[in-house]
Amino acid sequence: DVKVTQSSRYLVKRTGEKVFLECVQDMDHENMFWYRQDPGLGLRLIYFSYDVKMKEKGDIPEGYSVSREKKERFSLILESASTNQTSMYLCASTSSSYNSPLHFGNGTRLTVT
Amino acid sequence: AQSVTQLDSQVPVFEEAPVELRCNYSSSVSVYLFWYVQYPNQGLQLLLKYLSGSTLVESINGFEAEFNKSQTSFHLRKPSVHISDTAEYFCAVSDLRGYQKVTFGTGTKLQVIP
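If you're matching them up, the sequences are chains A and B in order. Counting in the numbering used here, the first sequence runs from 509 upward without gaps. Counting in the numbering used here, the second sequence runs from 112 upward without gaps.
Just so you know, the hints here were simulated from the structure itself, not pulled from any lab data. The structure displayed is predicted, hence computed values, not measured ones. Treat each hint with caution, since some may be false.
Cβ-Cβ distance ranges computed for the label pairs, FRET-style [unchecked claim]:
| # | chain 1 | residue 1 | chain 2 | residue 2 | range |
| --- | --- | --- | --- | --- | --- |
| 1 | B | 156 | A | 568 | 20 to 28 Å |
| 2 | A | 605 | B | 165 | 17 to 25 Å |
| 3 | B | 156 | A | 515 | 19 to 27 Å |
| 4 | A | 568 | B | 152 | 22 to 30 Å |
| 5 | B | 112 | A | 559 | 19 to 27 Å |
| 6 | B | 220 | A | 520 | 35 to 43 Å |
| 7 | A | 518 | B | 207 | 34 to 42 Å |
| 8 | A | 534 | B | 220 | 40 to 48 Å |
| 9 | A | 546 | B | 163 | 29 to 37 Å |
| 10 | B | 181 | A | 585 | 29 to 37 Å |
| 11 | A | 587 | B | 181 | 23 to 31 Å |
In this text, a Cβ means the ideal position worked out from N, Cα and C, and glycines have one as well.
Okay, chain B solo, but in the shape it has when bound:
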């Protein structure tokens, strides 16, 4: 079985300030790791993913996440946030079976304050 923990349900941050959204996972097997973002009134969309190789992965809009196997973490960071980053962010893990069964965290609402 696998699980994902997002300890922060809400994170308020001022515009242009840095932000870190925390994610820890638990699994007895190797996993893939994902961050999904949900903008208001929309479904989730993939922000970035870690499959293998470099432990630092980046998205096209300036977010990055680092896979830390020893700490079983996959924290999401951005050095300078914009109003448009206001959304809910979900960390997720999937095992390596073919059915793509994904386990999601409870989500972190990022509120960017102008």
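In isolation and in its complexed conformation, chain A is listed as follows:
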């Protein structure tokens, strides 16, 4: 069974701090994604990566960056956290097979005060 692990379940940070959200998958998937989930807005794609050291902007990349140095690990970075980045962050992975579904981690609930 595919496992996507997000390092923190809950995180509280102060405005202006640099924040790292880590995600690891154990199924050798090529593609990895970071979404944020907000009530009434569903899931919105922040960044995705289809290979090591490759990244592409999603729909809402502003204020975020990502790093993928190893195939199994995809990190989301908030360079200077702001209160409007308080949200649930979901990591997902999938293989390159055209009909492969997304496999999600359990999410990190980030609060920026």
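Since the structure of chain A is provided, determine the placement of chain B on it from the hints.
Quick look at chain B alone, frame taken from chain A:
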């Protein structure tokens, strides 16, 4: 560009009653369609998917969805719900490119009332 509309943000239904969660999509190209479910305090997991072939697809826990190309819909149904079906349900579409970029709807919270 593609988009997904889930008009109902919350759907309360009594246990053992039928339910339909509505989903409409918009896309200029052919798409794959998905329903994901999110139980409390968990990530999303795939419920069912339509890729091609039969327009009616089923999940292992009694849900079904029918792809209707003319109405651009992919509504989710279950003839008799259980308390354990209480969750948030997301409809999603992806185009046929290799990057698996998926667009999600805003979600429908299904509340099953005992």
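Taking the hints in turn, this is what the structure says about them:
Taking the beta carbon of each, residue 156 of chain B and residue 568 of chain A are about 23 Å apart, inside 20 to 28 Å as hinted. Taken as a hint, the range 17 to 25 Å holds for the pair residue 605 of chain A and residue 165 of chain B, whose Cβ atoms sit roughly 20 Å apart. Under the hint 19 to 27 Å, the C-beta atoms of residue 156 of chain B and residue 515 of chain A, about 20 Å apart, fit the expected range. Against the hinted window of 22 to 30 Å, the Cβ-Cβ separation of residue 568 of chain A and residue 152 of chain B comes to about 24 Å, which satisfies the hint.
For the pair residue 112 of chain B and residue 559 of chain A, the beta carbons lie near 24 Å from each other, so the given range of 19 to 27 Å is met. With their beta carbons about 26 Å apart, residue 220 of chain B and residue 520 of chain A fall outside the hinted range of 35 to 43 Å. Checked against the hint of 34 to 42 Å, the C-beta distance between residue 518 of chain A and residue 207 of chain B comes to roughly 38 Å, which is consistent with it. In this structure the supplied range 40 to 48 Å is violated for residue 534 of chain A paired with residue 220 of chain B, their Cβ-Cβ distance being about 31 Å.
For residue 546 of chain A paired with residue 163 of chain B, a C-beta distance near 33 Å keeps the hint of 29 to 37 Å intact. Separated by about 45 Å at the C-beta atoms, residue 181 of chain B and residue 585 of chain A break the suggested range of 29 to 37 Å. Remark: the range hint 23 to 31 Å for residue 587 of chain A to residue 181 of chain B is contradicted by a beta-carbon distance near 47 Å.
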